[in-house]
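Protein sequences appear in the order of chains X and E. Numbered per the working numbering, the first sequence spans residues 56 to 237. Numbered per the working numbering, the second sequence spans residues 3 to 237.
In case anyone wonders, no lab produced these hints; they're calculated from the structure. Please note that the accuracy of each hint is not assured.
What the hints assert, rightly or not - Pairs of lysine-lysine residues, derived as PhoX-like cross-links and limited to a Cα-Cα distance of at most 25 Å, are as follows:
(1) Lys-232(X) x Lys-125(X)
(2) Lys-231(E) x Lys-137(E)
(3) Lys-232(X) x Lys-137(E)
(4) Lys-9(E) x Lys-221(X)
(5) Lys-125(X) x Lys-9(E)
(6) Lys-232(X) x Lys-221(X)
Claimed, not checked - Just some of the chain X residues that point at chain E, by a computed CB distance under 10 Å:
(7) Pro-91
(8) Arg-100
(9) Asp-122
(10) Ile-130
(11) Arg-137
(12) Glu-177
(13) Ser-182
In this text the structure is predicted, and so the values were computed from the model without any measurement. Every residue, glycine too, gets a C-beta built ideally from N, C-alpha and C.
If you want the building blocks of each chain, they are given just below.
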Amino acid sequence: MPEKPLVSPELLDRVARGDRTAFAELYRLAAPKLFPVALRIALRRDLAEEVLQESFVAVWNQAASYDPVKGSPLIWMTTIVRHRAIDQRRRRANLADATAGSDEALLALVAGESDRADRGAELAALSRCLNQLEAQPRQAVLLAYVHGYTHEELAERLATPVGTIKSWVRRSLERLKRCLDG
Amino acid sequence: MKYDDPKLREMLAGRYVLGTMPRRARARFDRLIAEDAVFCADVREWAEIFSPIDAAEMPVAPPPRVWRAIEAQLGPARAPAAAPRRAWFDSLWLWRGATGFAAAIAVALLLYFGVFATQEAPPVPTVVAVLNDAKSGAPAWIARTSRDDVVTVSALGRQTIDAGHSFQLWAIAGGAPRPLGLLSPVPGRGIAVSASAIPPTGGVLAISLEPAGGSPTGQPTGPVLFSGKVFSNPL
Chain X
56 MPEKPLVSPE LLDRVARGDR TAFAELYRLA APKLFPVALR IALRRDLAEE
106 VLQESFVAVW NQAASYDPVK GSPLIWMTTI VRHRAIDQRR RRANLADATA
156 GSDEALLALV AGESDRADRG AELAALSRCL NQLEAQPRQA VLLAYVHGYT
206 HEELAERLAT PVGTIKSWVR RSLERLKRCL DG
Chain E
3 MKYDDPKLRE MLAGRYVLGT MPRRARARFD RLIAEDAVFC ADVREWAEIF
53 SPIDAAEMPV APPPRVWRAI EAQLGPARAP AAAPRRAWFD SLWLWRGATG
103 FAAAIAVALL LYFGVFATQE APPVPTVVAV LNDAKSGAPA WIARTSRDDV
153 VTVSALGRQT IDAGHSFQLW AIAGGAPRPL GLLSPVPGRG IAVSASAIPP
203 TGGVLAISLE PAGGSPTGQP TGPVLFSGKV FSNPL
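This is chain E alone, in the form it adopts within the complex (with noise of 0.2 Å):
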């Protein structure tokens, strides 16, 4: 193949990252990003243009025991080659100290930058559902670990509703849907559920609309305005 002609070089780049092409042919480009740049360059174009679909996935934390297979793969610790002290490096560990959450977005709540333990992965808050808006779509609710056996489930953003309802919140996992609590429209103010009381992965969280104080029959009466799949309950 004549790699030198730059438009076969860009679609061979642009099948690469697209994920189309045959697993042999990709070793085969791998070797030739390897030793020339030009193809890079190429790569990196396709992928800048592919990333924001990436970008625009919701963060999902994976669970600790993938960190510690991880960690049992590198073998013996190396010493580190004695890197030099540059500002960034000791900036680094000023901003691994800090403690806090950005905004109150789905994103921001994985970015969780907790105390840093060395060679620990850290406890990253894991998502076990994000509940959108049965209208628009857009993720309105999230239910995230907050302790080992505890989910809290809050607003993402300020939610409206007037005085005379409230927002509650069902488990569905087959059969008649279990009242799991009324929830707050304020983000922030988040209701602790039982994990036992989550559906398992694949189950639904839903928030319909009731008379204020919930439904006085035990099952939902009023519209469904949220729900989400369980992608992640964490017993």
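In isolation and in its complexed conformation, chain X is listed as follows (with noise of 0.2 Å):
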């Protein structure tokens, strides 16, 4: 993982401020890191597109709400492009079937089950907490992180009911938490 952090929070400081050419700094380094993750979620170029679109217009009028606590400037912009990109593909439900298999490298990859040299210590954390869970609960945490999938969905693809898979949701995010705390 870098030591530097890709965007600093200076350059966020000056975004809040209302300089523009920083606020183009920041789209020329913080948007190819967020479009894929738009992308795979929204599903259509397009609408990706759009989510990528609306949150920096957001990142411009919140710059100034944005403090070092909520994470660094790179997490919380992508907090906010996840959750436009998931309000995107709930408008559009019947895209969803678009998913399957569309991101199996990706899912093995944080499954651990990919060799690419790159992944760090810390997604190496991540997937050995992950593998911990057991093979559905956890199918269902990396499809609602990596596809934006709501429980209603979930529950369809994995054919288990809504309750089910709320309490697998909620049980595996306990596990995770005491994996990766311990």
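Combine both chains into one complex, guided by the hints.
Laid out in structure tokens, this is it:
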């Protein structure tokens, strides 16, 4: 993992003060990292572009509310992008089928099944803890994070009642936290 | 709800980050975050837990129209508040002028620090496709735009091949594969392909092992060693 953050809090601070040059710089640095996140959740390229656009306008407007206590600037922006992409996806639930199998490489990477050499230490730790979950709860958590599935979509995809999905997700989060804290 | 229960807060924050929280509940949670740093810290913990997944994504440059649309929505320029000239500010300007690719991996390709034009998102090479090793699944070749109408295909790391064989690139978009050229196994020695020869989005680029000089038949004769979907046709 890089020691120096890709996007510095100072840059975001300049954006918060209305510095457009800083904003263009922020876009140049962060957009290529955020666009794939929007793509894998929003599924369609045009929708992902819309998500990215809305998200950056939100970043421009909300930069003053950024606080380092919320995490690194990139993580803060990733949350903005993910939530907008998830909303976009929920508005078009009929796209959901299109995801089936679309991101196997990423899922395999996270699940620790890939031999890609660039898996960072943090990803390795997450994979280790994910692998301690049972197969279906793990799948539920991954599909939720990677593709933005709702409880209902997870229920359908995994052919399991919504109530069970909810308790899988809750228990998986608890176990993940314990594993990563431990 | 009793938000002073740390376990409950932690679970809510987890669902907020995971994305399974319904929209309205999330909006309420957004307000809690704005008011209370304790919630921020819970959210940050979860976001940091899952962020390696996003960090593992290959960067993809959005098309220039996205930046244009964003700029159009910002409204007239606000005068920046007089920013104190701190050391980092100066260094940023120096750094901004720097040009260069980092390592020969896709991540680095996309963080291309081109010459910076004020208020214009500078051109970033767009990744057209990443071709993965058929056996290991590891990214091995990258196709990216180099000029508007030219796509360069090059190895991400040095590939081994004996003198009796060549790597041949094919475009597959329904119908028979079309040959696009012989590839160099050396990273940085990409071959240029006309963008019009690249399959449309959703098509496939594949590399087969052929006798030195390329397939004698005009169709692949050896095994397909690498392939990848075109996710962004430049045309």
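Hints, one by one, checked against the model:
At roughly 18 Å between alpha-carbon atoms, Lys-232(X) and Lys-125(X) fall within 25 Å of each other, so this suggested pair holds. Restraint check for Lys-231(E) and Lys-137(E): satisfied, since their Cα atoms lie roughly 16 Å apart, inside the 25 Å limit. For the hint linking Lys-232(X) to Lys-137(E), the alpha-carbon distance of about 34 Å lies beyond 25 Å, and the restraint is violated. Note on Lys-9(E) and Lys-221(X): the hinted pairing holds, with a Cα-Cα distance of about 16 Å set against a maximum of 25 Å.
Taken as a hint, the Lys-125(X) and Lys-9(E) pair is honoured in the structure, with Cα atoms around 19 Å apart against an allowance of 25 Å. For a cut-off of 25 Å, the pair hint linking Lys-232(X) to Lys-221(X) stands: about 17 Å separates their Cα positions. Among the interface hints, the one on Pro-91(X) holds; its C-beta lies about 4 Å from the nearest C-beta in chain E, closer than the 10 Å criterion. The criterion of a C-beta within 10 Å of any C-beta in chain E is met by Arg-100(X), whose closest approach is roughly 7 Å, and the hint holds.
The interface hint given for Asp-122(X) holds, since its Cβ lies 7 Å from the closest Cβ of chain E, which is under the 10 Å cut-off. Given the 10 Å rule on beta carbons, the hint for Ile-130(X) holds: about 5 Å separates it from the nearest Cβ of chain E. At its closest, the beta carbon of Arg-137(X) sits 6 Å from a beta carbon of chain E; the interface hint therefore holds under the 10 Å criterion. At a threshold of 10 Å, the smallest CB-CB gap from Glu-177(X) to chain E is about 4 Å, leaving the interface hint in force.
The beta carbon of Ser-182(X) is positioned within 10 Å of a beta carbon in chain E (closest approach about 9 Å), and the interface hint is therefore held.
When held up to the earlier numbered hints, the structure conflicts with hint 3 and nothing else.
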